[in-house]
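Based on the provided sequences and hints, a complete structural model is requested.
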Amino acid sequence: MGKAKSLVSITDFDVEEYLKIIELAAKFEANSYRNVLNGHVIASLFFEPSTRTRLSFESAINRLGGRVIGFSDIETTSSTKGETLHDTIKIISNYCDLIVMRHPLEGAAKYASEISNLPIINAGDGANQHPTQTLLDMYSITKTQGTLQNLSIALIGDLKYGRTVHSLIMAMKYFNPTFHLVAPPELALPNEYKNILKENNIPFYEHTDMHAVLNEVDIVYMTRVQKERFSDLMEYEKTKNTYILKNDMLTNTKPNMKILHPLPRVNEIQQDVDCNPKAYYFEQARNGVFTRQAIISYLLNLNIQ
Amino acid sequence: MGNIQGKQMVVSAIQNGTVIDHIPSKNLFKVISILKLENIDTQITFGLNLESKKLGSKAIIKIADKFFIQDEINKIAILAPEAKLSIIKDYQVVEKKVLSCPEKIQGITKCVNPKCITNNQNILQKFTVVGRAPKVSLKCEYCEKTTDFEHFNFI
Numbered sequence: 001m002g003k004a005k006s007l008v009s010i011t012d013f014d015v016e017e018y019l020k021i022i023e024l025a026a027k028f029e030a031n032s033y034r035n036v037l038n039g040h041v042i043a044s045l046f047f048e049p050s051t052r053t054r055l056s057f058e059s060a061i062n063r064l065g066g067r068v069i070g071f072s073d074i075e076t077t078s079s080t081k082g083e084t085l086h087d088t089i090k091i092i093s094n095y096c097d098l099i100v101m102r103h104p105l106e107g108a109a110k111y112a113s114e115i116s117n118l119p120i121i122n123a124g125d126g127a128n129q130h131p132t133q134t135l136l137d138m139y140s141i142t143k144t145q146g147t148l149q150n151l152s153i154a155l156i157g158d159l160k161y162g163r164t165v166h167s168l169i170m171a172m173k174y175f176n177p178t179f180h181l182v183a184p185p186e187l188a189l190p191n192e193y194k195n196i197l198k199e200n201n202i203p204f205y206e207h208t209d210m211h212a213v214l215n216e217v218d219i220v221y222m223t224r225v226q227k228e229r230f231s232d233l234m235e236y237e238k239t240k241n242t243y244i245l246k247n248d249m250l251t252n253t254k255p256n257m258k259i260l261h262p263l264p265r266v267n268e269i270q271q272d273v274d275c276n277p278k279a280y281y282f283e284q285a286r287n288g289v290f291t292r293q294a295i296i297s298y299l300l301n302l303n304i305q
Numbered sequence: 306m307g308n309i310q311g312k313q314m315v316v317s318a319i320q321n322g323t324v325i326d327h328i329p330s331k332n333l334f335k336v337i338s339i340l341k342l343e344n345i346d347t348q349i350t351f352g353l354n355l356e357s358k359k360l361g362s363k364a365i366i367k368i369a370d371k372f373f374i375q376d377e378i379n380k381i382a383i384l385a386p387e388a389k390l391s392i393i394k395d396y397q398v399v400e401k402k403v404l405s406c407p408e409k410i411q412g413i414t415k416c417v418n419p420k421c422i423t424n425n426q427n428i429l430q431k432f433t434v435v436g437r438a439p440k441v442s443l444k445c446e447y448c449e450k451t452t453d454f455e456h457f458n459f460i
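Chains Y and V, in that order, are what the protein sequence lines are. Heads up, the first sequence is in the working numbering, so the first residue is 1 and it goes up one at a time. Heads up, the second sequence is in the working numbering, so the first residue is 306 and it goes up one at a time.
In case anyone wonders, no lab produced these hints; they're calculated from the structure. Hints are supplied without guarantee of correctness; some may be wrong.
Said to hold, decoys possible - SDA-like cross-link-like pairs, simulated, lysine to any residue; straight-line CA separation at most 25 Å: (1) Y:K90 - V:K431; (2) Y:K160 - V:T451; (3) V:K431 - Y:E192; (4) Y:K160 - V:D453; (5) V:K341 - V:V403; (6) Y:K90 - V:N427; (7) V:K420 - Y:Y161; (8) V:K409 - Y:F13; (9) V:K444 - Y:I202; (10) V:K409 - Y:E192; (11) Y:K198 - V:E446; (12) V:K420 - Y:I74; (13) V:K444 - Y:P104; (14) V:K444 - Y:D14; (15) V:K444 - Y:Y174; (16) V:K420 - V:K359; (17) V:K431 - Y:S231; (18) Y:K198 - V:S442; (19) Y:K173 - Y:P190; (20) Y:K5 - V:Q430; (21) V:K440 - Y:N195; (22) Y:K81 - V:P419; (23) Y:K198 - V:F454; (24) V:K401 - V:G352; (25) V:K450 - Y:K81; (26) V:K331 - V:N427; (27) V:K359 - V:V403; (28) Y:K90 - V:Q426; (29) Y:K160 - Y:S231.
Structural data, given as structure tokens:
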């Protein structure tokens with residue numbers, strides 16, 4: 001039995017595959033309930049809790065007609081008895097057709113994909129990768145803008161540690177975007193990613209104040225600025241209110257502009273924004289189910305009409 | 306150095322084996338560690354802080370009756386890109402080899418990321434080599450974090 005294709009890192013897919021997933025997600029949005037996984041078993045292995053991501057995957061599997069086995073908490077598994085990840089993956093691979101896994105250690109999903117012959121979907125490995133989030137972001141961008149091409153995108157908040165931001169840059173670099181990077185200096189985008197933008201001739205502008213860019217862009221991608229990311233707490237106190245989006249800041253934004261957020265949010269988008277038609281983060285979460293249906297179908301080579 | 310007639314060799318010649326010359330002095334012990342020379346029971350001699358026009362200060366290792374395969378020796382290219390390898394048979398240099406920096410490396414050093422799976426379970430480290438020595442760094446194939454040369458923690 002050969003190795004199946006996995007989705008561990010956003011770079012595991014190429015441009016054609018990104019577009020294929022978006023096309024499939026649209027089909028699932030049009031008709032989400034399909035019995036194409038009838039008789040299949042999908043393992044949902046959450047070595048650390050993540051309620052939204054887990055339920056989004058489990059909803060996707062159920063809508064495809066598949067069965068879910070697995071766990072949502074490491075405390076109920078043999079890992080607590082000292083079983084290695086190697087053995088856990090090896091054994092569970094005998095019981096299912098595809099594995100969805102979330103693990104607190106970085107590289108865990110990649111390692112699992114080496115051990116198992118089944119497709120592995122990485123539902124988050126520490127601060128490293130969360131590729132299904134990026135694909136649902138891309139589906140949301142396509143839905144709201146009608147295209148992925150030539151968009152102006154503001155990435156706001158924690159650009160240093162935010163894995164969703166890094167993955168979005170890696171995936172969007174094929175579509176001629178312009179990036180506005182808005183972050184406190186301490187949480188600026190790492191040079192590694194700036195170099196990737198330069199190598200791909202993608203224009204980017206760095207800002208510390210979001211007011212300057214809100215009216216210019218098609219997409220505002222907000223992320224959380226977390227206190228624990230600051231080495232200097234004085235710096236945190238000074239900046240914590242700078243990266244909060246409020247409804248009255250949206251008055252002169254472009255009509256097509258939409259606000260995305262990978263969620264959970266804390267206070268970086270004020271609740272008064274929720275009623276604004278430009279707020280898109282709850283629909284974005286809904287798009288996650290269709291996108292995950294698309295990814296599972298694609299990796300299992302299911303025929304979707 | 307070994308070929309200069311009439312001069313006293315700083316590190317005595319070997320009859321058969323391998324000579325690795327032009328190692329930056331500060332990296333000698335790391336090279337010894339990478340090649341796992343501590344596990345070899347034939348005669349090994351080395352010289353440290355020798356004069357070098359190219360490097361300023363260099364080290365040399367002479368290992369009797371040991372011949373490395375190319376993959377094995379290429380690993381040291383990340384530490385000693387200028388190193389020259391001579392195969393000695395009956396006191397004569399019969400072959401000179403140049404190192405080529407490998408694209409991928411296994412083992413050698415730990416990943417710098419404490420949350421990497423390789424630092425928490427018994428897994429062989431795998432890296433993609435990024436850049437060129439002496440500014441070489443290693444990108445972990447698991448957690449995708451890059452370990453800079455200054456943070457290499459040799460296994």
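Going back to the hint list, which numbers does this structure go against? Violated: hints 16, 17, 25 and 26.
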